[in-house]
Amino acid sequence: MNSLEKNSDIAELLVQVSDPEIPVLSIMDMGVVREIERDGQAVLVKITPTYSGCPAMDTIATDIKITLDRAGYSTTVKQILAPAWTTDWITERGRKHLEEYGIAPPLDASADKSVLLDGARIVKCTNCGSTNTKMVSQFGSTACKALFQCNDCLEPFDYFKCLK
Amino acid sequence: MKESLYQYLLLLGDNAMILGHRLSELCGHGPSLETDIALTNISLDLFGQVRNYFQYAAEVKDDQEKTTEDKIAFLRYPHEYRNVLLVEQPNKDFAFVIARQFFFDAYHLLLLKELCKSKDEQINAIANKSIKEVKYHLRFSSEWLKRLGDGTAESHDKMQAAVNYLYPYVGELPSESPIEKEMKEAGIGPDLGVLRTAYFAQIKSTLAEATLETPQFFGFHSGGKKGVHSEHHGFILSNLQYMQRTYPEMEW
Ligand SMILES: [Zn+2]
Numbered sequence: 001m002n003s004l005e006k007n008s009d010i011a012e013l014l015v016q017v018s019d020p021e022i023p024v025l026s027i028m029d030m031g032v033v034r035e036i037e038r039d040g041q042a043v044l045v046k047i048t049p050t051y052s053g054c055p056a057m058d059t060i061a062t063d064i065k066i067t068l069d070r071a072g073y074s075t076t077v078k079q080i081l082a083p084a085w086t087t088d089w090i091t092e093r094g095r096k097h098l099e100e101y102g103i104a105p106p107l108d109a110s111a112d113k114s115v116l117l118d119g120a121r122i123v124k125c126t127n128c129g130s131t132n133t134k135m136v137s138q139f140g141s142t143a144c145k146a147l148f149q150c151n152d153c154l155e156p157f158d159y160f161k162c163l164k
Numbered sequence: 001m002k003e004s005l006y007q008y009l010l011l012l013g014d015n016a017m018i019l020g021h022r023l024s025e026l027c028g029h030g031p032s033l034e035t036d037i038a039l040t041n042i043s044l045d046l047f048g049q050v051r052n053y054f055q056y057a058a059e060v061k062d063d064q065e066k067t068t069e070d071k072i073a074f075l076r077y078p079h080e081y082r083n084v085l086l087v088e089q090p091n092k093d094f095a096f097v098i099a100r101q102f103f104f105d106a107y108h109l110l111l112l113k114e115l116c117k118s119k120d121e122q123i124n125a126i127a128n129k130s131i132k133e134v135k136y137h138l139r140f141s142s143e144w145l146k147r148l149g150d151g152t153a154e155s156h157d158k159m160q161a162a163v164n165y166l167y168p169y170v171g172e173l174p175s176e177s178p179i180e181k182e183m184k185e186a187g188i189g190p191d192l193g194v195l196r197t198a199y200f201a202q203i204k205s206t207l208a209e210a211t212l213e214t215p216q217f218f219g220f221h222s223g224g225k226k227g228v229h230s231e232h233h234g235f236i237l238s239n240l241q242y243m244q245r246t247y248p249e250m251e252w
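Taken in sequence, the protein lines are chains H and R.
With the numbering used here applied, the first sequence covers 1 to 164.
With the numbering used here applied, the second sequence covers 1 to 252.
Hints listed in this document are in silico derivations from the structure and should not be mistaken for laboratory results.
For every residue, glycine included, the Cβ atom is placed at its ideal position computed from N, Cα and C.
There's no promise every hint is true.
[To be verified] Cut-off 25 Å, straight-line C-alpha distance, at most; resulting in silico cross-link-like pairs (BS3-like, lysine-lysine):
id : chain 1 : residue 1 : chain 2 : residue 2
1  : R       : Lys66     : H       : Lys78
2  : H       : Lys124    : R       : Lys135
3  : H       : Lys124    : R       : Lys132
[Unchecked claim] Part of the chain H face toward chain R, derived, beta carbon under 8 Å:
id : residue
4  : Ala11
5  : Val77
6  : Leu81
7  : Ala82
8  : Ala84
9  : Gln138
10 : Gly140
11 : Leu147
12 : Asn151
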């Protein structure tokens, strides 16, 4: 049993904390909460950034502290770098929420490469579901996203790019 | 050893900070919306990496003055910065920005691959984090290098001119300074001699793919690692340090 399972009541409280840039994505589903340690009412939460320069990390740390302090804990949040975050840690529920929100969830790394090299088209349009899509730019509105466009319905959309 | 490790972290962080600053100057000035966003995203990644290096450097320093990441970034004198001359070169045209980025990214990725094996636990962690981001940077800069080099006659000429102008600066990156030698011996940093060969081979093959000539040049400019900078560096610092010098210890 890992520390998140052991402290599932705290983990459950943290489900309501979300990424300020992607409000539908809970930090628990995003996989940035790595460890929870508890000693009486004192709680230590270890989080890891998605990207080194992710400007949301400070807000996330503050939101964690507010949420848990409100529930009666005395909370410390610490940032750790190892092991480095990967898009593989986004949960099934997180991927579903991303897609409903209009952001195509990450596929495997070869998906990014094949669209670049004009290979197989596999990123699905979040508007009409077509896989006839093209990458407009490897870098999108935030560090974690690439910009895509659908060739069928012409709608532009974000793709949460792979980080492994 | 503590002081050397501190200096080594400055050396790693300063390259990312000065290049990140150069890229941030392009915010709102990129040739297209997509490239503008890409360059500022790369800048953001680099600043994130800088913070990781400088936070660790402040921890290593552990001095009476209570060194912080902000003091390291904003309150050093020009000769205390350890960045190479390449990254302080000003933005000219887009070809120039791409050439500078490619020369740095190619080295950066090779360096991080080695630092991922560092005996220093925190440098190891920072490298393993950064390398995922830098793979995207190199992909972006090499793709553009090829697109422009192998594009129209005009884009080819502009790209070749940028490569010719910046090539004299690339040799400094894999030239071993005394601090880097000490870190190599301690198993913290890589053997730059080995890295150098791989670096030049990669430059040559990517330039060839982009139908560009690799300049024949051997008298590389250097000095940045020792704190001897070009004139451009002072202008960067006056811009970067303005707030902290004018309003000491200000916070957002
Ligand atoms: Zn569509």
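Fill in: Lys124(H) paired with Lys132(R) [C-alpha distance capped at 25 Å]
The given pair, whose Cα atoms are some 24 Å apart, holds under the 25 Å limit.
Worksheet item: If you take the shortest Cβ to Cβ gap from Val77(H) to chain R, is it below 8 Å?
Response: Violated. Min distance 15 Å.
Practice prompt. So, Ala11(H) near chain R? Judge it on the closest CB pair being under 8 Å.
Written response: Cβ of Ala11(H) sits 24 Å from chain R, so the hint is violated.
Worksheet item: Given Gly140(H) was flagged as interface, is its beta-carbon under 8 Å from a beta-carbon of chain R?
Response: Result: holds, 7 Å to nearest chain R Cβ.
Discussion item. Interface hint check: Gln138(H), Cβ to nearest Cβ on chain R, cutoff 8 Å. Holds or violated?
Written reply: With a minimum Cβ separation of about 6 Å from chain R (threshold 8 Å), the hint on Gln138(H) holds.
Discussion item. Hint check: Lys124(H) vs Lys135(R), CA-CA at most 25 Å. Holds or violated?
Written reply: 24 Å, holds
Worksheet item: Regarding the pair Lys66(R) and Lys78(H), is the alpha-carbon distance no greater than 25 Å?
Response: Holds: Lys66(R) and Lys78(H) sit about 20 Å apart, inside 25 Å.
Worksheet entry | Hinted contact Ala82(H) with chain R - closest CB pair below 8 Å | Since the shortest Cβ distance to chain R is 4 Å, the answer is holds.
Worksheet item: Regarding the hint that Ala84(H) lies at the interface with chain R, is the smallest CB-CB distance below 8 Å?
Response: For Ala84(H), the interface hint holds, since the closest Cβ of chain R sits about 4 Å away, which is under 8 Å.
Worksheet item: Does the CB of Leu81(H) sit less than 8 Å away from some CB of chain R?
Response: Holds. Min distance 4 Å.
Item to complete: Could you check if Asn151(H) really has its C-beta closer than 8 Å to a C-beta on chain R?
Response: 17 Å, violated
Worksheet entry | Interface hint status, Leu147(H) versus chain R (Cβ within 8 Å) | 7 Å, holds
Violated hints, in rising order: 4, 5, 12; the structure is consistent with all others.
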